[in-house]
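If you read the protein sequences in the order shown, they are chains U and E. Under my numbering, the first sequence has 63 at position 63, and the numbering climbs by one with no breaks. Take any residue in the second sequence, note its place counting from 1, add 110, and you have its number in my numbering.
It is possible that part of the hints are untrue.
[As the list claims (entries may be wrong)] Derived lysine to aspartate or glutamate pairs resembling DMTMM-like cross-links, with alpha carbons at most 20 Å apart:
{"no.": "1", "chain 1": "E", "residue 1": "154", "chain 2": "U", "residue 2": "55"}
{"no.": "2", "chain 1": "E", "residue 1": "154", "chain 2": "U", "residue 2": "56"}
{"no.": "3", "chain 1": "E", "residue 1": "154", "chain 2": "U", "residue 2": "9"}
{"no.": "4", "chain 1": "E", "residue 1": "154", "chain 2": "E", "residue 2": "124"}
{"no.": "5", "chain 1": "E", "residue 1": "154", "chain 2": "U", "residue 2": "52"}
[What the hints assert, rightly or not] Facing chain U, according to a computed beta carbon distance under 7 Å, are these residues of chain E, among others:
{"no.": "6", "residue": "143"}
{"no.": "7", "residue": "216"}
{"no.": "8", "residue": "218"}
Derived from the structure by calculation, the hints contain no laboratory data. In this text, all values refer to a predicted model and were calculated from it rather than measured experimentally. Beta carbons: idealized from backbone N, C-alpha and C, even for Gly.
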Amino acid sequence: GQSLEQPSEVTAVEGAIVQINCTYQTSGFYGLSWYQQHDGGAPTFLSYNALDGLEETGRFSSFLSRSDSYGYLLLQELQMKDSASYFCAVRDKGRRALTFGSGTRLQVQP
Amino acid sequence: EAGVTQFPSHSVIEKGQTVTLRCDPISGHDNLYWYRRVMGKEIKFLLHFVKESKQDESGMPNNRFLAERTGGTYSTLKVQPAELEDSGVYFCASGSTGTSGNTIYFGEGSWLTVV
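Chain U with its partners taken away, still in its complex shape (with noise of 0.2 Å):
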């Protein structure tokens, strides 16, 4: 089976840097995704990190590392519409769905 450990909650300020990490155990293991969902609507794709390393998309970077089971989100430069909620997922043999962590919500504040 699959399990992934993030943090329920994180807050900062606008302008600021924030990194979100993840765990994850799997059964053999195909990437670490990460999706943001607002309030009231639906989750979106963000990033996805099949090798070791970082990968940048504007202000967010995502980084993994399969020897620790572990990844992170890093978001730079706050906006007050980053607060959402932020998951990360990952794909394993066992199953070809992604398997979801519990979210970990962003408050952003002025």
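Chain U is already provided as a structure; the job is to place chain E on it using the hints.
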């Protein structure tokens, strides 16, 4: 291009009643997934269709839940009879066969409240 659409967006039913949720995936997406989020917890997997076939239904909580995808297009998820603990947001997502399966597109969810 239209995204994943779900109907109804909100539903309030009494315990013991039946509710049917519908999902229209993005056109051409063979993979269709149902997920549920209860009380702000994790987005929990329910089942996965590839075209009209159930690829994985290991996440379905019990036999009160029935999902279909006749013709490999839209899908329905029926809860019969509904219980209080079935309340939550039911998300549908779709993805194309050509992707790694790590990028899927969600609908805005069907919010179910059982009273």
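Quick one: which hint numbers does this structure break? Sort them smallest to largest.
Per hint list: 1, 2, 4 and 5 violated.
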